[in-house]
Amino acid sequence: MSLKSKSISSKSSLNEDERLKKISPLRVLLNRPELGALGGSILVFIFFGIVAGDTGMFSAYGMLNFLDVSANLGIIAIAAAMLMIGGEFDLSIGSMIGFAGICIAIPAIYWGWPLWMSIVFAFAMAVLVGYFNGIMVVKTGLPSFIVTLAMLFILRGLTLAITRLITGRTQVPGLRVLIEDDPLAWLFATDTFKWLFTWLGSLKLIELRTDGTPLATGIPPSVIWFIALTLFATWILMKTRYGNWIFASGGDKVGATNVGVPVGRVKISLFIGTAVASTIFACIQVLDAGSADTMRGTLKELEAIAAAVVGGCLLTGGYGSAIGAAFGAIIFGTVSMGIFYTDVDTDWFKVFLGAMMLIAVVFNNYIRKKVTESK
Amino acid sequence: MPDYLVQFNNISKFFGKVIALKDVTMRLKKGEIMCLLGDNGAGKSTLIKTLAGVHKPDEGEIIFEDNKIVFDSPKDALDIGIGTVYQDLALVPLMSVTRNFFMGREPQKGFPFLKTFDVEKANKIAADRMGQIGIDVRDPSQAVGTMSGGERQCLAISRAIYFGAKVLVLDEPTSALGVHQASMVLKYIVKAASEGLAVILITHNVHHAYPVGNSFTVLNRGKSMGTFQKKDISREKLLSMMAGGEELDKLEVELQEMDRIHKKN
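First to last, the sequence lines map onto chains A and B. Under my numbering, the first residue of the first sequence is numbered 17, with each subsequent residue one higher. Under my numbering, the first residue of the second sequence is numbered 125, with each subsequent residue one higher.
Rather than coming from a laboratory, the hints here were simulated on the basis of the structure. Beta carbons: idealized from backbone N, C-alpha and C, even for Gly. Be a bit skeptical, because a hint or two may be false.
Here are a few chain A residues that face chain B, going by a calculated C-beta distance under 7 Å [stated by the list, open to error]:
1) A264
2) N274
3) V277
Simulated restraints, written as ranges between beta carbons of each label pair [said to hold, decoys possible]:
4) L221(A) - Q232(B): 17 to 25 Å
5) S307(B) - T332(A): 28 to 36 Å
6) E185(B) - A166(A): 33 to 41 Å
7) K239(B) - F209(A): 31 to 39 Å
8) N329(B) - F169(A): 38 to 46 Å
9) K155(A) - S307(B): 31 to 39 Å
10) K347(B) - I170(A): 37 to 45 Å
11) R229(B) - G306(A): 30 to 38 Å
12) L238(B) - P130(A): 49 to 57 Å
Okay, derived cross-link-like pairs now, DSBU-like style, lysine-lysine, Cα gap no bigger than 30 Å in a straight line [to be verified]:
13) K173(B) - K387(B)
14) K255(A) - K233(B)
15) K388(B) - K269(A)
16) K239(B) - K269(A)
17) K153(B) - K255(A)
18) K199(B) - K255(A)
19) K173(B) - K155(A)
20) K248(B) - K386(A)
21) K239(B) - K192(B)
22) K355(B) - K155(A)
23) K168(B) - K355(B)
24) K153(B) - K155(A)
25) K386(A) - K245(B)
26) K153(B) - K388(B)
27) K154(B) - K361(B)
28) K233(B) - K180(B)
29) K361(B) - K269(A)
30) K361(B) - K255(A)
31) K245(B) - K315(B)
32) K269(A) - K355(B)
33) K269(A) - K180(B)
34) K248(B) - K385(A)
35) K290(B) - K355(B)
36) K239(B) - K255(A)
37) K269(A) - K173(B)
38) K269(A) - K168(B)
39) K154(B) - K269(A)
40) K290(B) - K153(B)
Produce the complete structure using the sequences and hints provided.
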């Protein structure tokens with residue numbers, strides 16, 4: 017019997033190369049979760065290239081504009097995507113953004129803390145919130161949809177109540193003066209590659225202000241964070257043991273537990289991930305605007321999930337990619353800004369967002385069937 | 125006395141008033157395939173879970189390589205080399221063959237704190253292992269969902285062996301499979317045993333068990349009806365023991381009666 021199977025195996029290894037060639041490159045591509053979002057991004061760029069090519073949307077300034085919006089959304093979309101791959105949702109992302117904002121602003125303005133300390137405080141609170149979400153979901157076995165929906169209300173309410181209690185208002189301005197010389201704030205508030213833009217400006221390759229300085233001054237911090245997080249998340253998912261555990265936890269909780277994957281720990285860490293990403297988002301926004309607002313981040317959780325879904329994440333978990341979510345965010349960012357350059361009323365943006373998501377879900381469903389199809 | 129690899133002596137398990145298992149004894153040598161037969165509700169699942177360390181037996185002892193063993197968790201059973209492949213296989217269809225093969229036990233490379241999942245090595249081992257059992261994995265990064273039921277079963281068994289199982293406990297490995305797929309799995313089980321593993325094959329399908337088994341333990345209503353060597357028992361005898369014998373005989377008589385009445389009318 018064993019001799020027989022050995023002869024089969026040697027035959028099969030001969031067959032291997034031959035059969036590999038039969039898989040068309042298209043099929044290989046189709047098996048990648050980010051394909052849809054990549055294609056969608058290209059379509060969106062072609063569309064605006066034709067409709068708004070001569071309006072300044074694709075000038076350095078215009079591009080940085082929509083990249084900034086995409087990048088901000090991308091930061092939370094990537095964390096949401098990783099959590100979705102792990103089989104859970106986080107609806108408290110938007111509220112966490114508002115909450116983190118006042119966690120930075122109130123200590124810094126009202127309690128006289130140095131800015132860096134308030135930022136560290138905000139991140140510590142994010143870890144706590146994420147941990148709480150995670151432990152609730154893991155210990156109770158309740159759907160994360162419900163647990164984090166509760167957190168959505170709790171955090172938004174806390175944000176409003178605490179801010180009004182301490183400041184008597186719903187906004188906390190006055191942060192801009194604190195940014196300079198702060199040892200931490202520059203991470204979230206520095207435009208990079210300024211020299212490049214000055215140089216391009218001196219060559220008259222990009223638009224200039226009347227005083228001769230370039231209109232676009234540098235790459236905004238959100239874009240750097242966005243790129244760094246995309247690479248980091250992709251590395252984790254594809255190249256680490258923890259990444260495999262994320263897929264396993266989302267794909268089959270029971271099976272993963274049976275073979276020794278610490279599913280609970282994985283999920284809790286992913287919830288901490290979304291809360292921390294929300295706080296990065298909040299830091300960038302608060303320091304850019306110089307003020308915190310209790311309503312910041314409203315509905316951002318849904319946009320993040322939408323971007324993740326467009327990026328190929330399955331709602332049932334176990335499948336998706338960070339690069340896909342990044343492209344999903346680019347699609348939304350580009351359309352939301354690009355629509356200003358066209359004659360289309362901006363009210364139509366939400367219609368587009370919804371339609372895009374529907375198409376993506378139908379497409380993803382089809383792909384999943386293809387991937388899991390039995391011979 | 126023959127040297128057994130593993131012995132389960134007089135195992136009993138109670139759930140409150142319910143006697144799930146009573147005085148079940150099974151002894152296996154290296155390279156032996158013991159088929160555990162029983163109808164639904166005979167206590168097969170309870171017995172598997174006891175072997176796998178999920179349940180602690182209320183009475184009886186487990187002796188592995190001449191040492192008395194007490195399992196506190198499924199991990200203890202795994203650690204000494206009792207690998208259980210459950211019916212659901214613990215495979216994720218959307219994940220690749222490699223990622224499933226090494227799920228929870230990924231090989232790593234690199235520096236401390238910056239270790240990466242050694243995908244190349246994992247791919248190679250997974251493809252190699254599957255190749256050894258005659259399953260042509262065209263591409264180890266293909267999703268498990270694209271594999272047939274028999275191939276998935278073999279993957280799960282192969283994984284258990286690779287990670288050090290000396291005793292394989294297989295829960296209904298052929299129940300959801302067609303004839304061709306089932307024979308592929310059975311062939312692999314025989315091969316594994318020929319390489320020195322002890323296999324406990326749990327099934328209610330005598331036709332699958334009889335050709336591959338060396339010995340047969342029949343479970344009925346929580347009690348062992350005895351262990352029989354293949355030469356001492358026929359397929360038909362096993363079948364009738366499993367179903368409680370008389371029941372089938374009674375059925376036959378009733379059917380004949382119905383037939384007779386039918387003909388009369």
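Now for the hints, and whether the structure bears them out:
Of the supplied interface hints, the one on A264(A) holds, with its beta-carbon coming within about 5 Å of a beta-carbon of chain B, less than 7 Å. Taking 7 Å as the C-beta contact cut-off toward chain B, the hint placing N274(A) at the interface holds, the least distance being around 4 Å. The closest approach between the C-beta of V277(A) and any C-beta of chain B is roughly 4 Å, which is under the 7 Å cut-off, so the hint is satisfied. Between L221(A) and Q232(B) the beta carbons are some 47 Å apart, a value that contradicts the proposed interval 17 to 25 Å.
Look at S307(B) against T332(A): about 34 Å separates their beta carbons, and that is inside 28 to 36 Å. Under the hint 33 to 41 Å, the C-beta atoms of E185(B) and A166(A), about 50 Å apart, miss the expected range. Distance hint for K239(B) and F209(A): a CB-CB separation of about 33 Å, consistent with the stated range 31 to 39 Å. For N329(B) and F169(A), the hinted distance range of 38 to 46 Å is not satisfied, since their beta carbons lie about 54 Å from each other.
The hinted window of 31 to 39 Å between K155(A) and S307(B) is violated, with their beta carbons roughly 45 Å apart. K347(B) and I170(A) have their C-beta atoms about 56 Å apart, which leaves the hinted 37 to 45 Å range violated. A beta carbon spacing of about 51 Å between R229(B) and G306(A) contradicts the range 30 to 38 Å that was offered as a hint. Look at L238(B) against P130(A): about 32 Å separates their beta carbons, and that is not inside 49 to 57 Å.
With a C-alpha separation of about 50 Å, the suggested pair K173(B) and K387(B) falls outside the 30 Å cut-off, and the hint is violated. Our distance criterion of 30 Å between C-alpha atoms is met by K255(A) and K233(B), whose separation comes to about 10 Å. Taking the CA atoms of K388(B) and K269(A), the gap is near 60 Å; set against the 30 Å cutoff, the hint is violated. The straight-line distance between the Cα atoms of K239(B) and K269(A) is roughly 24 Å, inside the 30 Å bound, and the hint therefore holds.
As the CA atoms of K153(B) and K255(A) are separated by approximately 42 Å, the hinted pair breaks the 30 Å bound. Of the pairs offered as hints, the one joining K199(B) and K255(A) holds, with about 26 Å between alpha carbons and a cut-off of 30 Å not exceeded. Between the alpha carbons of K173(B) and K155(A) the distance comes to roughly 24 Å, so the proposed pair stays at or under 30 Å and holds. Annotation: proposed proximity of K248(B) to K386(A) holds, straight-line Cα distance about 25 Å (limit 30 Å).
As the CA atoms of K239(B) and K192(B) are separated by approximately 38 Å, the hinted pair breaks the 30 Å bound. Simply put, K355(B) and K155(A) have alpha-carbon atoms about 53 Å apart, too far for the 30 Å limit, and the pair is violated. For the proposed pair K168(B) and K355(B), the alpha carbon gap of about 24 Å is at most 30 Å, so the pair holds. The hinted pair formed by K153(B) and K155(A) fails the criterion: a straight-line CA distance of about 42 Å is larger than 30 Å.
About 27 Å separates the Cα atoms of K386(A) and K245(B), which keeps this hinted pair within 30 Å; it holds. For the given pair, K153(B) sits about 56 Å from K388(B) by alpha-carbon distance, which is inconsistent with the 30 Å threshold. Of the supplied pair hints, the one linking K154(B) and K361(B) holds, its CA atoms being roughly 26 Å apart against a limit of 30 Å. A distance of roughly 38 Å separates the Cα atoms of K233(B) and K180(B); the hinted pair therefore is violated under the 30 Å criterion.
For the hint pairing K361(B) with K269(A), the CA-to-CA distance comes to about 42 Å; that exceeds 30 Å, so the pair is violated. For the hint pairing K361(B) with K255(A), the CA-to-CA distance comes to about 55 Å; that exceeds 30 Å, so the pair is violated. Of the supplied pair hints, the one linking K245(B) and K315(B) holds, its CA atoms being roughly 25 Å apart against a limit of 30 Å. Distance restraint check for K269(A) and K355(B): the Cα-Cα separation of roughly 44 Å exceeds the 30 Å cut-off, and the hinted pair is therefore not satisfied.
Pair hint K269(A) plus K180(B) holds up; C-alpha atoms about 24 Å apart against a cutoff of 30 Å. Distance hint between K248(B) and K385(A) is fulfilled; the C-alpha atoms sit about 27 Å from each other, no more than 30 Å. With a CA separation close to 26 Å, the supplied pair K290(B) and K355(B) stays within the 30 Å bound. Annotation: proposed proximity of K239(B) to K255(A) holds, straight-line Cα distance about 9 Å (limit 30 Å).
Of the supplied pair hints, the one linking K269(A) and K173(B) holds, its CA atoms being roughly 19 Å apart against a limit of 30 Å. Note on K269(A) and K168(B): the hinted pairing holds, with a Cα-Cα distance of about 24 Å set against a maximum of 30 Å. For the hint linking K154(B) to K269(A), the alpha-carbon distance of about 34 Å lies beyond 30 Å, and the restraint is violated. Distance check on the hinted pair: K290(B) and K153(B) sit about 11 Å apart at the alpha-carbon level, within 30 Å; holds.
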